[in-house]
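Colleague: Protein chains in written order, with this note's numbering: chain A, 2 to 416; chain B, 2 to 416.
In case anyone wonders, no lab produced these hints; they're calculated from the structure. Some hints here could point you the wrong way.
Unchecked claim - Sample of chain A residues with no beta-carbon within 12 Å of chain B, all distances over it, derived:
id: 1; residue: 17
id: 2; residue: 20
id: 3; residue: 68
id: 4; residue: 119
id: 5; residue: 218
id: 6; residue: 293
id: 7; residue: 376
id: 8; residue: 391
Claimed, not checked - Just the calculated beta-carbon pair ranges, DEER-fashion:
id: 9; chain 1: A; residue 1: 105; chain 2: B; residue 2: 62; range: 52 to 62 Å
id: 10; chain 1: B; residue 1: 407; chain 2: A; residue 2: 71; range: 47 to 57 Å
id: 11; chain 1: B; residue 1: 74; chain 2: A; residue 2: 243; range: 11 to 21 Å
id: 12; chain 1: B; residue 1: 170; chain 2: A; residue 2: 351; range: 18 to 28 Å
id: 13; chain 1: B; residue 1: 207; chain 2: A; residue 2: 105; range: 20 to 30 Å
id: 14; chain 1: B; residue 1: 74; chain 2: A; residue 2: 296; range: 43 to 53 Å
Here a beta-carbon is modelled for each residue, glycine too, at the ideal position from N, C-alpha and C.
Protein chains: 2
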Amino acid sequence: MKHAAGSASKGGDDGGSRAVGQRSSADPAVVHPLLPVRLGGCPKTVLADGTPAPLDIAYAYEDVAAGELFGRPAEHGLERWAPLLPPLAAPGLGEGNTPLVRLDDGTWIKDESRNPTWSHKDRLNRVTVSAALLSGAPGIVVSSSGNHGASAAAYAARAGLRCAVFSSPDAPPAVASFLRAYGATVLTVAPREAVWPLVRRISDELGYQPVGNFTPDSHTGHPFGPEGYKTIAYEVFLELGEVPSDVYVPTGYGELLFGVWKGFHELELLGLVGRVPRIHSCEPAAGAPLATALRTGRPTAKVPVGESDAYAIDCAVSGYRGVIAVRESGGAAHVLTDDQMAAAQVELAGQGLWCELSSVAGLAAQRSSGQAGADDGPVVCIVTSSGFKDIATASRDTRHPPMPADWETVRAALG
Amino acid sequence: MKHAAGSASKGGDDGGSRAVGQRSSADPAVVHPLLPVRLGGCPKTVLADGTPAPLDIAYAYEDVAAGELFGRPAEHGLERWAPLLPPLAAPGLGEGNTPLVRLDDGTWIKDESRNPTWSHKDRLNRVTVSAALLSGAPGIVVSSSGNHGASAAAYAARAGLRCAVFSSPDAPPAVASFLRAYGATVLTVAPREAVWPLVRRISDELGYQPVGNFTPDSHTGHPFGPEGYKTIAYEVFLELGEVPSDVYVPTGYGELLFGVWKGFHELELLGLVGRVPRIHSCEPAAGAPLATALRTGRPTAKVPVGESDAYAIDCAVSGYRGVIAVRESGGAAHVLTDDQMAAAQVELAGQGLWCELSSVAGLAAQRSSGQAGADDGPVVCIVTSSGFKDIATASRDTRHPPMPADWETVRAALG
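Just chain A, same shape as in the assembly:
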């Protein structure tokens, strides 16, 4: 029963977590206790632009038996990595342990659509819903028109917490069904700017814990969130048996980006590898605040946002975490047009992988970078979600009109 118990333990104890506190990304000597969860960033340290420093989780790495931990086989459920995560108080759904699929040219696709709600967000929500449980909150509140909202709702339902999701009336129809599926209260508030004060009020008056950001003018992020994402790095290392040369990451607020970097960085801290891969941010050209921050040397940026069908990652603000990931790893900031992403989407569908437009930004960047394949290790592109979440999916005009049943018509259709 070893594996089975592991894949679905309903949590409760800390499972051997070596987490020690919330640490400032501006000054690693500043460590706050694990609770309360500080959603506004570090109260003691600020960045050069005056925004609060994001926090992430610090561990007693010297107490982690890294050889033993990474010597065990892959397994579903983040509890597989319990020593290197905050306490997983919320029960799991067998998240993670997603496959690497190899394309003909040798590029590896980490297919995150194989998660419980079919996106990478499940890794984050296992950890953030755990934080809400640890905090004694009666529920969580989320602002999301897509994968994050549905995933948060699923983990809240599993944990017996209430869930409020602020969504957009313009969410794609399949996504609207998805958001409602897990029994959350879906709030389609207009105008959009009114959401922030309502999130804060639900938090203040009802005690629901926000799963996401609390700082509208820069992205500070949930201190626990990227801890879930970093398990992607662990899995890639475990499966490939080596460190990639480059990892391309679809980038919205940069939390996945930072998580992946942190995972590889920890492998280095633990003495398992000698270097980290170059971590590449991959943003839609319509916004791309992280590229702006990196170009201008600022810790965060806020930019005007244009239209993009890559709605899941089309953001106005970036966070310092993204800067850390790209700078520390020697990666680059890529900016993609919708056409470049659409081409990557077609390429992957031709290999049997139907992916959301936003989710192929990594492959789109790799393809447009002119980098044919590095000679210092494999190239990995993270694909975050399935094609079911796209705007065009399930609109009525994707239906096929009936055709006559004669052989000539069918023969002609087959070309």
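With chain A fixed as given, assemble chain B onto it according to the hints.
Modeller: Quick look at chain B alone, frame taken from chain A:
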């Protein structure tokens, strides 16, 4: 690189397959060579009702190092089980190795929505598209309005084969997008009865190999198909470390049902277990041909089909394979109303799993059977697919109207 290579090998050789031929389910002494693939059933043996006996694959079990094979950790990709499968000529997508998720009452859910195209069908299509490649066919042809068609299209694209999918103009909108995603030619021929002769003509004149059935009045099925499904039984045994008491299987034509039975039966043949679980067929009450066949003692049945939202498993004909699975295992035939399935769907969503209505027929049957949990082993319900495939999903009326941004409205919505 061991695991990585395994999870995505692009096939070509037989990978150590011990398959020896296509064997009659009416007389195990009748074994045809592996090729040509016999889609019309056994040409030498007939069942009591005069229909052709289905074929499945026979193996040289004495040449399988079962202890070694089942001693290795779980891994993505059916090549993990190559000795007990037909040659996997078609490249994979990391199918299988789906998690078991434990419900509060101890029931295990085998979540097949974690496959490459988010349903169990990927296990079948890895094997049947391999059969088409081994046969030298230029393409495949499929009749399906849902998961099977999309999965077949994905594996055909990956293998470089052409794919024709006969679909219904009434397919749910999200499914219509899904079917088109992988570049197959989607043929929405009306009336439905005209499809069979067209499938045959595409096969005869263009050489495309049908992936599915070739016998409209009973379900004989593709000889290779259930071989993919049987890996579910291997995985359940590997993860639980014991044989379940009961396995509940959503049942359309009964191929998944038979595959799961065959997998456990093989574990017994290989000396790894002492018994097989009771295998339960779970059909919509609107049709339920297998329940009719079992009740009347016939090898197959054809019944009138009423309306059901469980469109993926609402079938008019059954096959002898289903009879074998239920009879040989001492299982039972369950017949479910849409309301019973809807209740199971709500229960699972409340645990964080959003499942297609058809796909929860197994849990619905377990819940309505009054069996609180067997004392001779764990109970497993197979869930085949995600809620994105349901008829109601992504219809315009699932959208949320905008609501005013005042606190009273939001507070009231939260109850």
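Colleague: Does residue 376/A sit more than 12 Å from chain B, CB to CB?
Modeller: holds, 16 Å
Colleague: With respect to the beta-carbon atoms only, verify the hint that residue 407/B and residue 71/A lie 47 to 57 Å apart.
Modeller: holds, 52 Å
Colleague: Does residue 119/A clear chain B by more than 12 Å, comparing its Cβ with all Cβ atoms of that chain?
Modeller: Answer for residue 119/A: violated, closest chain B Cβ roughly 7 Å.
Colleague: Non-interface claim for residue 218/A: all C-beta distances to chain B beyond 12 Å?
Modeller: Label holds. Min Cβ-Cβ 20 Å, cutoff 12 Å.
Colleague: Would you check whether the claim that residue 20/A is not at the interface survives, using Cβ distances to chain B and the 12 Å cut-off?
Modeller: Its Cβ never comes within 12 Å of chain B, the nearest being 24 Å, so this holds.
Colleague: Going by Cβ atoms, does residue 293/A stay more than 12 Å from chain B at every point?
Modeller: Consistent with the label, residue 293/A stays out of reach of chain B, its closest Cβ about 30 Å off (over 12 Å).
Colleague: Please test the hint of 52 to 62 Å on the beta carbon pair from residue 105/A and residue 62/B.
Modeller: violated, 35 Å
Colleague: Taking the shortest Cβ-to-Cβ distance between residue 391/A and chain B, state whether it exceeds 12 Å.
Modeller: violated, 8 Å
Colleague: Could you check the hint for me, namely that residue 74/B and residue 243/A are 11 to 21 Å apart, CB to CB?
Modeller: holds, 19 Å
Colleague: Is it true that the C-beta distance of residue 207/B to residue 105/A lies inside 20 to 30 Å, as the hint says?
Modeller: Holds - the Cβ-Cβ distance for residue 207/B and residue 105/A, about 26 Å, lies within 20 to 30 Å.
Colleague: Can you tell me whether the CB distance of residue 74/B to residue 296/A sits inside 43 to 53 Å?
Modeller: Because 45 Å falls inside the window, the suggested range holds.
Colleague: In terms of Cβ atoms, is chain B entirely out of 12 Å range of residue 68/A?
Modeller: holds, 17 Å
Consistency with the previously given hints fails for numbers 4, 8 and 9, ordered from lowest to highest.
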